[in-house]
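J.: Protein chains in written order, with this note's numbering: chain A, 1 to 288; chain B, 1 to 401; chain C, 1 to 225.
Some clues are possibly wrong.
[As the list claims (entries may be wrong)] If you only want the chain B side, here are some residues facing chain C, beta carbon under 8 Å, derived:
hint, residue
1, I42
2, V46
3, N48
4, T112
5, I234
6, V238
7, G270
8, G362
[To be verified] Derived lysine to any residue pairs resembling SDA-like cross-links, with alpha carbons at most 20 Å apart:
hint, chain 1, residue 1, chain 2, residue 2
9, A, K282, C, M37
10, B, K225, B, T199
11, B, K85, A, N178
No lab work stands behind these hints: they were computed from the structure.
Only a predicted model underlies this, so the values are computations on that prediction, with no experimental measurement involved.
Beta carbons are placed, not taken as given, at the ideal position from N, Cα and C, and that holds for glycine.
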Amino acid sequence: MKFINFINNLDKRWIYLVLALCIIIPFIFPVGFPMKTTPPVKSIYDFIEDSIPEGGVVLIGADYDPSTMAELHPMAKVIAAHALSNNLRVLFVTLYPQGAGMAQDAIDNVLREWNKSNPDNPKKLGKDITLLAYVPGVSAVVLKMGEDITQTFNEDGYGNKLSELEIMKGIKNYNDINLMVELAGSSVVLTWLIYANGRYGLKMGIGTTAVSAAEYYSYLQSKQAIGMLGGLKGAAEYEHLLDKKNVYGGRKDASIGMDAQSSAHIFFIILIVLGNIAYFVKKKKEGK
Amino acid sequence: MKNKTFFFILILLSFVLSFSQNETFKDENVLKIDPAFLKEFIIKDVGNDDGTKLEISCQKILEGNTLLFKLYRKEENDTILKLIKTFNSFPVKIVDEGLSYQKKYEYYISATDSSGEESEKCLIGGSVSPKPNIFKTDKTILLLMIIIYTAIIVFLVESVRKGKDLFVRKISGLDTLDEAVGRATEMGRPVLYVPGSSTMSDIATIASLNILGPVAKKIAEYETKLIVPNRDPIVMTVAKEVVKESYSEAGRPDVYNDNDIFFLTDSQFGYAAAVSGIMTREKPATNLLLGMFWAESLIMAEAGNTTGAIQIAGTDAVTQLPFFITSCDYTIIGEELYAASAYLSREPLLLGTLKAQDYFKGFIIILITLYFFILIISWLTGGHLVFLDKILEMLRFIFKS
Amino acid sequence: MFVRRTLPLLVSAIFGIALILQFFVPHPASKSFYNMMLDWLIIVSAFTYLIAVQSTVELHVTKIKRRVEGWQYSIIVLVSLFVTAILGIFGGAFMPTTLWMKIFPSVKPSDTTPLMYTYLYMQMPMQSTIFSLLAFYMASAAFRSFRARSFDATLLLITAGIVTLGRVPLGEFIYKGLPDVVEWILKYPNMAAQRGILIGVQLGIIATSIKIILGIERKYLGGGK
Numbered sequence: 001m002k003f004i005n006f007i008n009n010l011d012k013r014w015i016y017l018v019l020a021l022c023i024i025i026p027f028i029f030p031v032g033f034p035m036k037t038t039p040p041v042k043s044i045y046d047f048i049e050d051s052i053p054e055g056g057v058v059l060i061g062a063d064y065d066p067s068t069m070a071e072l073h074p075m076a077k078v079i080a081a082h083a084l085s086n087n088l089r090v091l092f093v094t095l096y097p098q099g100a101g102m103a104q105d106a107i108d109n110v111l112r113e114w115n116k117s118n119p120d121n122p123k124k125l126g127k128d129i130t131l132l133a134y135v136p137g138v139s140a141v142v143l144k145m146g147e148d149i150t151q152t153f154n155e156d157g158y159g160n161k162l163s164e165l166e167i168m169k170g171i172k173n174y175n176d177i178n179l180m181v182e183l184a185g186s187s188v189v190l191t192w193l194i195y196a197n198g199r200y201g202l203k204m205g206i207g208t209t210a211v212s213a214a215e216y217y218s219y220l221q222s223k224q225a226i227g228m229l230g231g232l233k234g235a236a237e238y239e240h241l242l243d244k245k246n247v248y249g250g251r252k253d254a255s256i257g258m259d260a261q262s263s264a265h266i267f268f269i270i271l272i273v274l275g276n277i278a279y280f281v282k283k284k285k286e287g288k
Numbered sequence: 001m002k003n004k005t006f007f008f009i010l011i012l013l014s015f016v017l018s019f020s021q022n023e024t025f026k027d028e029n030v031l032k033i034d035p036a037f038l039k040e041f042i043i044k045d046v047g048n049d050d051g052t053k054l055e056i057s058c059q060k061i062l063e064g065n066t067l068l069f070k071l072y073r074k075e076e077n078d079t080i081l082k083l084i085k086t087f088n089s090f091p092v093k094i095v096d097e098g099l100s101y102q103k104k105y106e107y108y109i110s111a112t113d114s115s116g117e118e119s120e121k122c123l124i125g126g127s128v129s130p131k132p133n134i135f136k137t138d139k140t141i142l143l144l145m146i147i148i149y150t151a152i153i154v155f156l157v158e159s160v161r162k163g164k165d166l167f168v169r170k171i172s173g174l175d176t177l178d179e180a181v182g183r184a185t186e187m188g189r190p191v192l193y194v195p196g197s198s199t200m201s202d203i204a205t206i207a208s209l210n211i212l213g214p215v216a217k218k219i220a221e222y223e224t225k226l227i228v229p230n231r232d233p234i235v236m237t238v239a240k241e242v243v244k245e246s247y248s249e250a251g252r253p254d255v256y257n258d259n260d261i262f263f264l265t266d267s268q269f270g271y272a273a274a275v276s277g278i279m280t281r282e283k284p285a286t287n288l289l290l291g292m293f294w295a296e297s298l299i300m301a302e303a304g305n306t307t308g309a310i311q312i313a314g315t316d317a318v319t320q321l322p323f324f325i326t327s328c329d330y331t332i333i334g335e336e337l338y339a340a341s342a343y344l345s346r347e348p349l350l351l352g353t354l355k356a357q358d359y360f361k362g363f364i365i366i367l368i369t370l371y372f373f374i375l376i377i378s379w380l381t382g383g384h385l386v387f388l389d390k391i392l393e394m395l396r397f398i399f400k401s
Numbered sequence: 001m002f003v004r005r006t007l008p009l010l011v012s013a014i015f016g017i018a019l020i021l022q023f024f025v026p027h028p029a030s031k032s033f034y035n036m037m038l039d040w041l042i043i044v045s046a047f048t049y050l051i052a053v054q055s056t057v058e059l060h061v062t063k064i065k066r067r068v069e070g071w072q073y074s075i076i077v078l079v080s081l082f083v084t085a086i087l088g089i090f091g092g093a094f095m096p097t098t099l100w101m102k103i104f105p106s107v108k109p110s111d112t113t114p115l116m117y118t119y120l121y122m123q124m125p126m127q128s129t130i131f132s133l134l135a136f137y138m139a140s141a142a143f144r145s146f147r148a149r150s151f152d153a154t155l156l157l158i159t160a161g162i163v164t165l166g167r168v169p170l171g172e173f174i175y176k177g178l179p180d181v182v183e184w185i186l187k188y189p190n191m192a193a194q195r196g197i198l199i200g201v202q203l204g205i206i207a208t209s210i211k212i213i214l215g216i217e218r219k220y221l222g223g224g225k
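Using the sequences and the hints, build the whole thing.
T.: Right, here's the structure in full:
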């Protein structure tokens, strides 16, 4: 009974402390459980791997800020690296000012790691990968891109004229983009789905936070999106797939975090079970 | 097979003939395309477009073809030929885009053999220009649906105007709004109104601002402090107008403080942190979280829960509803948010639109149920009933449209 | 009254109907109207940030003037706002093609611009911290409220347990088929329930849009009626 009382009156801060330990310890002593790839992740990977011809274009929407970077940043890096490994062109776009910094960081990181592990096939900013300049307007920008990408942005995020960039050769609008993967933890994903896919037929993939992932399954079934990376696990699965190809030596951020996530989820389940035991014992006692 | 043989004989014949005739001219083309084959190519305008596309197709089936064909385009009064597409499989369908309806175009085709030798470029058909259309016929059903839905709304609004009484079910989250504002007044603490984390282009934000009006009016009557932090500058401007007007309507424009409705940051979690900070510092008695929320919803709702405020949340973001249900006292779910404006004001015109939503929903449910039953019957009969398949196809077309 | 009420209603009605019609008319004239509208939207959006800055400055200056409790934090807000803006304008966002370098050609490019530096080493850790709070809040909310009070709640509890376990490699380690079970739950029961809500929500969205276009809904312009 003492235990039940303790559970019922437990201070939140103890929960916070144990959770923090559950997350920190696996980083120091990793276990590395094996992982299965889920179909929504595999279909994006397969599409980039098999369905886009060399020189094709992958557009990555970096519509997230540092707050959700833990889940979404690994996705941006691994998808960009995968596209580069297939000699595709990678364009980053962002509808929010904070996303520009994220995209810039992802580009720096991927280019550095790629050129380190593949000195015989170096990739260049402005030729193989770039970031389109931030333009305010959100849905208006998505719609305008469907008409003319160069006219929408004029410049890339580094101040170069888009019309003079090698990467933009033959790219006018969504018809010239082979795949767009939107990374966001907000409803910007829907903005892209409704306007770019619905109105212009742009082929799309989704990368979102684990909290929001359940929302987009209906868009997968209706084939408005070809696949989805949900949360850190989705990113880790993709890293796992690219790892098999053995072409990119970048840090596997998502895979590193999987053990911590496993232990945190187990702690959640223990908490729910304890909470319920305490609830039922209390109810029984009150019933008496 | 016949076609293939016929085609190769023609190519071969023309090759032999041209070789024997022009053997002294080394630059001359030796490959020629048979004019009869050229006639198989059809150029037509692509429908439902802005007059920028033409479709070039050939229905002839050629198996085992080893020649490579090149399609060129030339403006009528120009001399430059532009390569559009290289292809070797038949039948072929090519859509040429980026044209102008004010210009005329000519299309040429050439064949290249395995040694890389290209035949002369032969003109297909005559000069053509794309035609701009004035209506997208493939969107007819969508337009019809919009017209029907608008007509139902207008009809019901008119019948309500004539005095028809409409029943609206109880929404407890909205009924409690008055009580929640009253509680803040009694406690002498402010009311915090969060209009969501999205922009004005999200209809949930507009729905939230529609609720802000009557809430602000009530708050003005009670002379309670209202705090409205914003993530979007346009939403902030509209919120200011809504609150200012409501205070005037309540006869208390003097109580309105422009600085209580302010912009925080456009960062999703920066906003959540700042709102949580306001909850902790100002300790509002009532927190109203209405509009569009994403992953940050729980941070705000839990912060409010910790301060002991009465919390009413409402969103149409399905994945955030569980968090609000857990941490808030009342939750307005999905479409209830859109009904709120009509529910609170009891304005007959708005109630009419609410009914229209219900009728249209009924119509969609009937269509889905019909589809489901026909699908089962078709499955049970092994797909032998052709008319059922036709109905299914029709329903699928409607859904897709 | 005309400027505050009738004109905004007319503008929303005219442009609302025009843009609906535009969607069905592919003619070049309709397309150029549409492109012009998009340009207007983008231009107007750019100016909204000025309103945001004005509101922030006004709010915090008032707080400092009135010495409201915690006014010192307002100084930090204002200083951060201006320092970031100056770094961005004169130091460039990501690349050394900056205004500063254009004015003084002797200034040499550097790998990391000052703005990117503040972004990487100040904004990133601060914002990530806020997001990570979610895990702690979720734990406490799950502990406090996730109870098997009724049959429905029990069903929800069991499903949540399966999905929570199935979304991490440990779940797969315990039972190999768990990720498939999770996929099934997300793909079918989850989606069926969501679509039910979504149909209602979408009809609500369309109805609200029609109400605004027809001028039936006016509360967003301010006032009760």
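J.: Now tell me, hint by hint, if it's right for this structure.
T.: Status of the hints after comparison with the structure:
1. I42: 22 Å, violated
2. V46: The hint is violated - B:V46 has no Cβ within 8 Å of chain C, the shortest such distance being about 10 Å.
3. N48: 6 Å, holds
4. T112: 36 Å, violated
5. I234: Status holds, d = 5 Å.
6. V238: 6 Å, holds
7. G270: Result: holds, 6 Å to nearest chain C Cβ.
8. G362: Hint on B:G362: violated, closest Cβ of chain C at ~11 Å, above 8 Å.
9. A:K282 with C:M37: Given that 20 Å is the threshold and the Cα spacing comes to 63 Å, the pair is violated.
10. B:K225 with B:T199: It is violated: about 25 Å lies between the C-alpha atoms, which goes past 20 Å.
11. B:K85 with A:N178: With Cα atoms ~18 Å apart, B:K85 and A:N178 stay inside 20 Å; holds.
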